[in-house]
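Fit chain A to the known structure of chain Y by using the hints.
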Amino acid sequence: MRYSAWNIFKQGLTGNKGWTRAWRDATPKADYDIVIVGGGGHGLATAYYLAKEFGLTNVAVVEKGWLGSGNIGRNTTIIRSNYLLEGNQPFYELSLKLWEGLEQDFNYNAMVSQRGILNLIHSDPQRDAFVRRGNAMQLSGADAEILDRDRLKKMCPFLDFENARFPVQGAIWQPRGGTVRHDAVAWGYARGADARGVDIIQNCEVTGFVMDGGACKGVETTRGTIRAEKVAVCVAGSSGRVMDMAGMRLPIESHVLQAFVSEGLKPVIPGVITFGAGHFYVSQSDKGGLVFGGDIDGYNSYAQRGNLPVVEDVCEGGMAIMPMIGRARLLRMWGGLMDMSMDGSPFIDKTHISGLYFNGGWCYGGFKATPASGFCYAHLLATDRPHETAAQYRLDRFRRGVPIDEKGQGAQPNLH
Amino acid sequence: MIIPHPLLGPRDAAEFVYKGDATLIDRPDGLTASDDEMHDYAYLRDNPAGRHRELWYHEQGDRSWLVVTRDTRTHEILKVELARDVARAAGRAR
Chain Y
1 MRYSAWNIFK QGLTGNKGWT RAWRDATPKA DYDIVIVGGG GHGLATAYYL AKEFGLTNVA
61 VVEKGWLGSG NIGRNTTIIR SNYLLEGNQP FYELSLKLWE GLEQDFNYNA MVSQRGILNL
121 IHSDPQRDAF VRRGNAMQLS GADAEILDRD RLKKMCPFLD FENARFPVQG AIWQPRGGTV
181 RHDAVAWGYA RGADARGVDI IQNCEVTGFV MDGGACKGVE TTRGTIRAEK VAVCVAGSSG
241 RVMDMAGMRL PIESHVLQAF VSEGLKPVIP GVITFGAGHF YVSQSDKGGL VFGGDIDGYN
301 SYAQRGNLPV VEDVCEGGMA IMPMIGRARL LRMWGGLMDM SMDGSPFIDK THISGLYFNG
361 GWCYGGFKAT PASGFCYAHL LATDRPHETA AQYRLDRFRR GVPIDEKGQG AQPNLH
Chain A
1 MIIPHPLLGP RDAAEFVYKG DATLIDRPDG LTASDDEMHD YAYLRDNPAG RHRELWYHEQ
61 GDRSWLVVTR DTRTHEILKV ELARDVARAA GRAR
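First to last, the sequence lines map onto chains Y and A. Using our numbering, the letters of the first sequence correspond one by one to residues 1 to 416. Using our numbering, the letters of the second sequence correspond one by one to residues 1 to 94.
Hints listed in this document are in silico derivations from the structure and should not be mistaken for laboratory results. Beta carbons are placed, not taken as given, at the ideal position from N, Cα and C, and that holds for glycine. Be careful, since some hints might not be right.
Claimed, not checked - Away from chain Y, derived, C-beta distances all over 12 Å, residues of chain A:
#: 1; residue: 4
#: 2; residue: 6
#: 3; residue: 9
#: 4; residue: 17
#: 5; residue: 26
#: 6; residue: 30
#: 7; residue: 36
#: 8; residue: 48
#: 9; residue: 58
#: 10; residue: 63
#: 11; residue: 68
#: 12; residue: 81
#: 13; residue: 82
#: 14; residue: 91
#: 15; residue: 94
Claimed, not checked - Partial selection, computed: residues in chain Y whose CB lies under 10 Å from chain A:
#: 16; residue: 8
#: 17; residue: 24
#: 18; residue: 25
#: 19; residue: 123
#: 20; residue: 250
#: 21; residue: 342
Next comes chain Y alone, as it looks inside the complex (with noise of 0.2 Å):
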């Protein structure tokens, strides 16, 4: 069923009894295509992608929980294509424009609100290497703005622009980011899979992969063997305990990142903001609470949830750019688990196992890649050559000697 006004208008005249269901409730078939192991964002992305853009519809996503219960319902819901390397930047940016589209190309109301982000420059360096950042952006084809104070002072004066260690001195603006509910586009994607198609597999964790002459035809699940041509692994956060059953080690720690969000209040944050001198970003969700983050604790874990020392940090870092936020009361917090890779850059590539494809390592900025995510990795699976915006996305950068490293911190995952 299309969504539209006018459906709402007529479900509306005849009681509401029309509505469908939005995705089947399927029972896996012996074999498929392509298998896609993990049902959360990307992996419902690729499914989409794969169905829409390359006809590739014998395929079945198989998710261990509920459709979206890990990462893609954990985030901070930021969008944003400001990143500084060649390897990085036109993959961002295609996920921006990817963004800009969704709603309309999957019939589904994602709320992708381009409010604008800001990174808070503090020093006369960092205005330097902002302006280098902006320069890189906007050879991509992206857009990035400096604000000087005056200006920033206008769009934000609430900050506490003479802050004894960490004046604020301007900002870098992207107009185009912003947030999306984060929900939604699971859902989407998955109506729109399911829609053209594809079996979504609820409840169905993989326990292991089929293995045929050293190729990987399958895998094995709590509700049966599930055959297929292709395993399109994809489960950032838990990457290393499934790559372990096809006896892979990986350039990835996971780690724990929690996000935290504020009681309701009215309007105050006109996009998102980011802490140029500590790690904290911030941005108000249309309930009106203040949604906001920081560092990762800091060690490997899989516990979905984090410790005090991180959370005084997150809320320093916040007082330092806007007292005011002392006076919100802190509402929920929870953690979610984080690839962390070795260059703080993710993967979308081949295995050396034939027929095994693998999507993981997106540290703590897998939400804005969704779509680009999906749409490169189903392109992979398609065709089996990388997309042009991921090329460099390679499990073997680093034997070859070209990380991704945008902070420049080497082969230390907890500094990414």
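Coordinates of chain A only, in the frame set by chain Y:
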């Protein structure tokens, strides 16, 4: 998390810096190791869900390095050793 330091007793984990998988103690000899060995040592991790042996550096304390065995699913700390004892036992230090 509270880390029971073998010399100092229970200490807040915030005093420590996390330095990753304890297998990093077993660095191959850079002069004789193959490219693959060095790559695997520097970049690949087991990343288990469950028992994990890892290095914690007591930066805001006595600056000792510890090998902490911890459950990554619950954050429960199962065992704490001085890294130098672990390295000595493995024949890596005097």
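Consistency of the hints with the structure:
no. : hint : verdict
1   : 4    : holds (16 Å)
2   : 6    : holds (19 Å)
3   : 9    : holds (19 Å)
4   : 17   : violated (8 Å)
5   : 26   : holds (14 Å)
6   : 30   : holds (15 Å)
7   : 36   : violated (8 Å)
8   : 48   : violated (7 Å)
9   : 58   : holds (14 Å)
10  : 63   : holds (18 Å)
11  : 68   : violated (9 Å)
12  : 81   : holds (17 Å)
13  : 82   : holds (19 Å)
14  : 91   : holds (24 Å)
15  : 94   : holds (28 Å)
16  : 8    : violated (45 Å)
17  : 24   : violated (31 Å)
18  : 25   : violated (28 Å)
19  : 123  : violated (25 Å)
20  : 250  : holds (7 Å)
21  : 342  : holds (5 Å)
In terms of the numbered hints stated before, the structure departs from hints 4, 7, 8, 11, 16, 17, 18 and 19, listed from lowest to highest.
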